[in-house]
Each structure stands twice: as C-alpha cells, then as structure tokens.
Amino acid sequence: MILSRLSWLTDRLIDLSVLLGAVGLLVALGTTTADVVGRAFGRPLYGARDVVSMAGVFVVFGGMAHAHRKGAHVAVDLLERHFSPGLNRVLTVAGHMLGAAVFLLIARQFWLQVDLARMLNMSTNLLYLPRAPFLMAMSALSAICALSMTLNALQLIFGHQKPEVTR
Amino acid sequence: MSPETVGFIGIGILLVLLAIRIPVAIAMFLVGLGGIAYLRNETAALSYLANDGFSLASSADLLVIPLFILMGNVATESGMSRKLYDAAYAWIGSWRGGLASATVVGSGGFAALSGSSVASALTMGRVSLGEMQRFGYSPRLSTGAVAAGGTLGILIPPSTGFVLYAILTQESIGRLFLAGVLPGLLLVVLFIATIMVMSTINPALGPSGPRTSWSDKGRATLGSLPLIGLVVLTIGGIYGGLFSPTEAAGVGALMAILYGLVTRTLSFTGLSKALSDSVSTTAVVMLILIAAHVFGPFLAFSRVPTLVGEFLTGLKVGVYGVLILILACYLILGCFLEGYAMLVLTMPIFFPVITSLGFDPIWFGVLAVVMLEMGLITPPVGMNVFIVKSVAPSVPLSDIFRGVAPFLLSMVVLVALLILFPQIALILPNTMLGVR
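Protein sequence lines, in the order shown, are assigned to chains R and F. Position one of the first sequence corresponds to residue 0 (numbering that gives the first Met the number 0), numbered consecutively onward. Position one of the second sequence corresponds to residue 0 (numbering that gives the first Met the number 0), numbered consecutively onward.
Just so you know, the hints here were simulated from the structure itself, not pulled from any lab data. Quantities reported herein were computed from a predicted structural model and do not represent experimental measurements. Wrong hints could be hidden among the right ones.
To be verified - Footprint (simulated), chain F over chain R, 3 or more residues, beta carbon under 8 Å:
| id | stretch |
| --- | --- |
| 1 | 4-13 |
| 2 | 47-61 |
| 3 | 67-73 |
| 4 | 93-100 |
| 5 | 125-138 |
Where is the CB? At the ideal position from N, CA and C, for every residue including glycine.
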C-alpha cells in the first residue's frame, strides 16, 4: 500500500521533471532562434547565452529520472541470459541501489554548492541570473531520480515488479 | 600501492561492475570517485562531481545534442523521414536491391537531421522493412541494410559521437562535422555497392522494385524538399559561417516544428513525445559524459594512460602498427560496450598516444567514430541490431547479425581508405576552415 502510494507520487514527480526538461528545451530553442534572427537584423538578443546555459540545467537533469523509468540508462546485458532469474533480480536491485546512492551523492553535492554560490554571489555574466536556484533545481531533480531508483529496488525486493530488460 | 596499480585495479573493478549490469555511468562514477578519493582525497573527488556536473549541464555549446535530437524526433513524428525514403524509393527502387539501397540513402538523409544512430535505425526500420518484405527481399539483406544504414547517424553530421569526441579532446565541433561529410557519403556509396554486388550474385536476395513514372519521381522528390531544405539550412548554415552548431540545431528544430504544425502532420501529442524523448536521450548521453569527467581524472592521477602510451610507443611496430592496434582494441571493445561509453572510457588513454605519434586529431576522430559505428552492429552487443529486431520480431537475431556482415566489410574498407588517404576526412575542414 505504502509502496503503491509512493510509486504514484514518484511517477508524478518524474512527469514534472520531464515537463521542466521539455520547457527548458523549448526555452533554449526559442532563445537561440530569437538571437539568430535578431543578429541578422543587427540586434542580437542580449543575454541569450545566459538563458540557454541555465535552460540546459533543466534539459539535462530533467530527463534523468524519466530515462531511468524507461530503462534507458545504458548497461551491458552480455551475461544477463546466462544468469538465473534470481541472480538477475539481485543484480538489478544492486544496480538500482548503487544508482540511487550516486544520485543522492550528486544531489547532496549540488545542495552544498548552493551556500557557496550565495556567499560568492555567483551568477551568469550578462543577465546576472543567480546560480543558487539552478543548483537547487539540479539537486531536487537528482533526488527525484534517486527516489525513483530506490523505489524500483524496493518493489523488486518485495516482489511488486519484474526486473526490466536492460538496453 | 603505486598509482598505476590502483589504476589497473580500478579498471578491473569497472569491468566487473559492467559485467554485472551496473549502468555504465554509475559504474564510472563509483570507480572514479573511489579512485580519486584513494589517490588524492575525498574532497577532491566530490569537487569533480559538483563542479563538472554543473559546468557540463550549463554548457550552451552542449545544447547542440538535445536540439539536434529534437529535430530528428520531430522529423520522425511529422513523417518527413518517410518522405525522404519515398523519394529515394522512386529514383532507385527499381534497381536490383534498389529498396535496400533506398533505405541506405534514406538513412543517410535522416542522419543529416539527427545525430542518433538508434533513431535512424528505428525510423528507417519502421518505414522500409514492410516494403522490402512485400517485394520478397531476403530478411537478411533487408534487416542488414536497415541496421547498417542506421549507423550513418553518427558519422554524417550533425553527430552526437563527434560532439562527445570534441568535448573529450577539446577539438572543434564544426571542424569534426566537416570532416565527417565525405567519409559519410563514401560509406553510403560503399553500402549501396555492397547491396548491388550481393543482389547481382544472388538476385533472389533483393529483387527489383516497381518502375515509377517521371511524374511519380517528381512528386516524391517534391515531398522530400522540406527535409532537404532543413538539412541545407542547418548544415549549410554551419559551414557558411551563419550559425554556430548550437544555433543551427535550434533554428533547424524550430523549423521542423513549424513545418509539422503548419502542414498539420505534427500533433500536440507527437510534439510532446518528441520533446520528452529528446530530454530523456539527452540525460542518458550527458550522464555518461559527466561520469567520464570524474573517471578521466582518476585515470590521469593513476598514470595508466602514460603507461599504456609508453607501452604502445615502445612496441617495434611503427606508428601505423600502433594505430592498427588501437583500432583493433576499438573493434573488440565495440563487441561488448555501448558506443558512447567506449568513446569516453578509451579517449583519456588513446588520445594522448595518437597526438604524440603525430596523427591529426580530427582525422582520428573520424576513425574513432567509424569504429564506434562498427560497434553498433557487431555481435553480441550490437545496439542497432537489437533495434531492428524490435521492428522485425520474426527475423532471428542470428540472421540479422549475418545480414550486417557484408556491411561490416564495407566499413573495414572505409577505415582502410581513411588510413591510406587521410584527405578524405581532412580536405573539407582544411579547405573551408584553413589548415591548422
């Protein structure tokens, strides 16, 4: 019951992440094109590179959890056919847990950078977009990926899910 | 323990983690972080994670990857790629093995829109396999042509493989894109020649398709013009100095979306699928790249690349002997590793050797990407073969692997030609951007 509710919540968070990524991609696309068109008329878009750079943060980290849900993160399945189903299940759980640990570490490191970014007033070069909120977003998006991986591991342990076939 | 010993133990652990299906990027993070923490300290390891993670994710230049992937995904969703295949079909479909050749030409054209081989194989597989089955093509030839044609996606620019190589080696993306044009076209010709030879020796493999009238040819060509226009706009814009690669990708993606919306061939659902697929694919590629920026410094601290370099240059086989050894390593690794992972894992080791031997890094980039392409269709881990299998489930995997064998031979011929005549890769960048 708890796992199903958590699974529903995680799915909504992943949908939100990928939506942020898609919006980031559209922002990058629109800004880049506006800059090119403006430049053709002698009026390039001021700070376009700043906007595109920060949109990239959402494009890259917005898709992490979605890629995990689709089983798209690249793994080598060379020996999968030679392992027993039980061993495959154990290895899949181990992969999810190690992945969750790495993403939690990434989330923690970005979170620790937030204070530093605030203290040093770190921002983009032209528009002075502060770096701290973007680091917080990266931290949150990484944490969602870690949550999704942990949940998948728990679902496998408690028999709620079959191990997925890796790419 | 000496740093070199730690380095080799780290590589051993990485291979074990990969063998037990730990995702490539996660394995590289674990070994890289652990190795740097051991050889330096924990703070140094974690600083690579935070600093490189942010700088790579917020790199405006790297947005070229999702934007070109988006352009390819939109072209697929709006049916533009189908029209390109139809045009190639109208012109060369009546040749012996013509439908397979049309698939290769369609793949080459689609490759000029999308930097992804997997997208290329999937799109062309859906479009052409049914048609070839209808005309009695041998499943080996048809699936082999789709799987091999799909590999053109990472050789013909824009190419995600070249972008990754450029980031890893600090080379120019524009120069690499230019260097990929002629080898890409040459490979299209070699693939078509392979199909023609096979169909001539055994006509049952690829019977001639129906003849089309001149008006049909004209109509099909007209239908493919938007896609050709998009390729000319984006790639021509880069080479003409109008756009940077990222700008070209942005303009191209927007044009593809507008075309789809205006002609009502792109639905809102199709657009949102193209966007979410692009974001997801970008995350996969970028996670490997960020992991490579943690794993690379570990290798450098361990001095393994220096040791391997000294070993290779110390062999009495001459510079080309070393090059062939490196290419052989790629061929073997390509059988087991995913292409991008292979590139990021090996570049810190092989690139210093290549430059110290006096080889041109742009030329080597083209060779490395061709080797990466071969890895996409070599057994047992041939990503494109698995993609084709998902589109043609009735064809046994072993038949598809047999089908790609003649195309692998064409790729070996291309590698040999590139080694014998480096100008095939270098003439365009050197002519248009000047000799370095």
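Hint by hint, here is what the structure shows:
no.	hint	in the structure
1	4-13	violated (count 0)
2	47-61	holds (count 11)
3	67-73	holds (count 4)
4	93-100	holds (count 4)
5	125-138	holds (count 4)
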